[in-house]
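Which chain is which? The protein sequence lines are Z and R, in order.
Going by our numbering, the first residue of the first sequence is number 1, and it counts up by one from there.
Going by our numbering, the first residue of the second sequence is number 1, and it counts up by one from there.
There's no promise every hint is true.
What the hints assert, rightly or not - These stretches of chain Z come out as covered by chain R in the derived footprint (C-beta under 8 Å, 3 or more residues):
| no. | region |
| --- | --- |
| 1 | 17-26 |
| 2 | 38-48 |
| 3 | 68-78 |
Honestly, the hints are just simulated from the structure, not real lab data.
Virtual Cβ for every residue (Gly too), placed ideally from N, Cα, C.
Below, each chain spelled out in residue letters.
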Amino acid sequence: MTINEKQDQIVETFEEYTDWMDKYAYLIELGNNLSPLDPKSKVNQNLIEGCQSRVWLDAEYTNGMIHFMAESDAVIVKGIVSLLIDVVSDHTPDEILNTDLYFIDKIGLKEHLSPTRANGLLAMVKQIKLYALAFKTKG
Amino acid sequence: MNEKLDINAIRNDFPILSRTVYDRPLIYLDNAATTQKPRCVVEAIEHVYYHQNANIHRGVHYLSQRATEAHETARATVRDFIHATSSNEIVFTRGTTEAINLLATSYGETFCNEGDEIIISAMEHHANIVPWQMLRDRKGIKLKIIPLTDLGELNMTAFEELLSERTKLVSVAHVSNVLGTINPIEEIIEKAHARDIPVLIDGAQAVSHMPVDVQQLDADFYVFSGHKMYGPNGIGVLYGKEKWLDILPPYHGGGEMIAHVTFEKTTFADLPFKFEAGTPDYVGSVALAAAMNYLSSFGMENIVAYETDLLLDATEKMMKIDGMHIYGTSSHKSSVISFLVNDIHPFDMGTLLDRLGIAVRTGHHCAMPLMSALGIDGTLRASFAFYNTHEEIDALVAGIERIAKMF
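Just chain R, same shape as in the assembly (with noise of 0.2 Å):
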């Protein structure tokens, strides 16, 4: 039991979690996809629209004025949340993936030139693969790829090995969304910034389960998505140090974003507002906003320790099944597990463990080069979030055990 967070009382402010499949419990464990709505973000939702809808910024009316006070507060609890210096650094994106090609065409055009290198992971999501691809294909720049150690870590010698005079960025996940390893970006960041490189991290599977200050961590920029973090889907964030975003031109163009438009010539509104082209999802910021304040109500802390206990009891009881292999053997993890039994299937396992009403995900899990990387084709993964429970641990082996008999 956890003595900090009331799990059964954080269980009801989900209502989808008392819903049954296939007459059976649901048992939500494909949380690294995308985590189950707690009430008051809906409830956020439903209010802008019932009762402050209106298009915001230059707007004299009242409703206009209440909808860009609570646009802009969003703006602001995101930018407590993640320790930001100041509001100008928050950009309210469609989600990671927006944000990281948002970065790979403003800063990617603007600074890699033929030759040049950007460093990226062997453990990355597509997100954080593609972008800089097409960018490469544009610009003649090339990739260099940190691999990964056998504990599915990154390999940090080869990293320092990578840095050469010519690398304009490292683009690191903050937690693998396959492997659930925490990297240690303290130091990437250090060791990049040593050679003046800038840092991008993609924190899409952190800020829900760790306390994130950018400010401490000293990332240029670090991106993540409403979504996964009990926020409204299609909104996201583009953290960026000032003096980086002051510097990068506009990605999209159109209203919101301008100061000034002649036929001529256009000159782009400040920071913020120059990346947030057409009218923005001012009922997604104020929603996002609510999921933040209420993970900050029971303590980034709180949820690291429960989700750690649940970590730590998963894999001590899936590693008792026969044939169990768990991919990601990290002693800094997240609450993640990528994992086969035997020479089943995952699509075999994950239609069966369905059935029993348990959700986990199979696949490459949009990181089709760290499966090459590992030799295998896919796997199962289940995710936590800090709504779980030790239960539906037990039940998730005892239907992996079930089913492995099966096969």
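Same shape as in the complex, but just chain Z (with noise of 0.2 Å):
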């Protein structure tokens, strides 16, 4: 599939979800999920410190594509970082770049990537475009 594919597969689950509970019910549903973060990646260096909650993020490249590992102390923070690295793993360098990560607009969690939420995801969609950058420029 491809990221946009990803996404618009995303925003139709979460149509479902009329009432906000549920979708967070959801959320912490998949945060739940998300496998905990190897202890060599959950370390200082891959830290994204938010104010309200902090992020790990850590990625590999293998045959031109970026698999992404997160996780994060806060469920509901975690169930969002799920789905964001579901949606930008295993694509290349150049796709992850030219991608505009529209769904969590679609899905009402906007607020979520928002600097004075200070949870540390907005931070980390910057973190997944600089490291799509960095594998680019290594080649």
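Take the two lone chains and join them into the complex the hints point to.
Take a look at the structure:
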């Protein structure tokens, strides 16, 4: 699937949840199901410090594709993190760099990417692009 | 129900309390961060701008004189509200933080030398930590920290042991912004004064919740912010005994604070103007006085009684929630409850409470050293004001229970 196909699928899934609390219950489920980060990745170097919650993000580059691994100390953030890394993982640096992550807005979670939330997610999105750029440069 | 206060009528004085968030009635429980403003405070601001706006002091024209009178009447209102001896002891600042920074500079640079010590506590807000660390780095002084007991109270035995020949100041919170603990500041002041050590009290979390009498306390300095006591943002107060303020050098230089200026030498104005460089916030001062008059009209004793009811009701009901842990269990508490439920992250619980229209604060509450001492990253904090109701507490408890089941 392309990045946008994955995004559209998430948007479709979230359309089923009309109540906000159901939407969050689903995010919590996703967060709880996210595999814990390997201890070698859960290090300060990979830490994105938010004021309210923290996110760890690591990436691997194999066969021209980037695979992301991430975790957060807050479950809702972990749920959003899980969606984000699913969407961008196993794509080429160019695909990731050229993508517009519109699904967050469409599923009504844009507020979680606002700088005032200070939950580390906005910085995580930037970091995803930085990884893509770094791997592209490295070739 | 409270017999002395008509809470519904009080709520009607605060237009914002009738708004909704996410189509739900707003339940505002973040009062320790900032309180909402009654109509009379906002109207006071409007009145100054529409009817008497002019720069104050030394204006010969009519408006300037009216504005000056209003500003100085506001100062007298503050004086009376905290029972200071004289208006000379009331310095307007931008808030608690600026007041502490003023003292860290004016007092610290004058009286503290290398090896001297300043005592603060483990429950201080960053505003009462960082200015002293900056002074420490400039002057080579030492910071001594009063540890806490398991109840979240100051360890008074340890405090007495920290007092030494080198102690130049004790600076502690009247009420903890995280734990809600009301500290025994009378005792602290008495013990420090027995060794001729002055005491600064950070009253930011106290002034809107209890009567404060600086003379009875015998505090040397007492500081607080307007916005946490139903007043406007950007104004606060430094109370200092006249004998101290007299001998301290000015903090900022500029207009308003001078007596005579030549390029060779400047002589400074008398108190309190020596500490108020530049055009003061003569709008904020008047609105702060309006907030104080508003509070006084209900009687601080009645406010304490009602808020204590709220605290007890909330504590009792919250304790019944499975997995509830309350941080700060002193028997002397103001209406602040910091808590965690099971291992649910404060951000998760806070985000979901917000969706239910309930505003609480999450995180470290600008007290990271306290969080380290408690061994946690952060808490949720519900903090009550006298416009909150028992029904809102029930909604908070129901919300927490509902959310806890989601994890």
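Hint by hint, here is what the structure shows:
1. 17-26: It holds: at least three residues are needed, and the region 17-26 of chain Z offers 4 whose Cβ sits within less than 8 Å of chain R.
2. 38-48: violated (count 0)
3. 68-78: holds (count 5)
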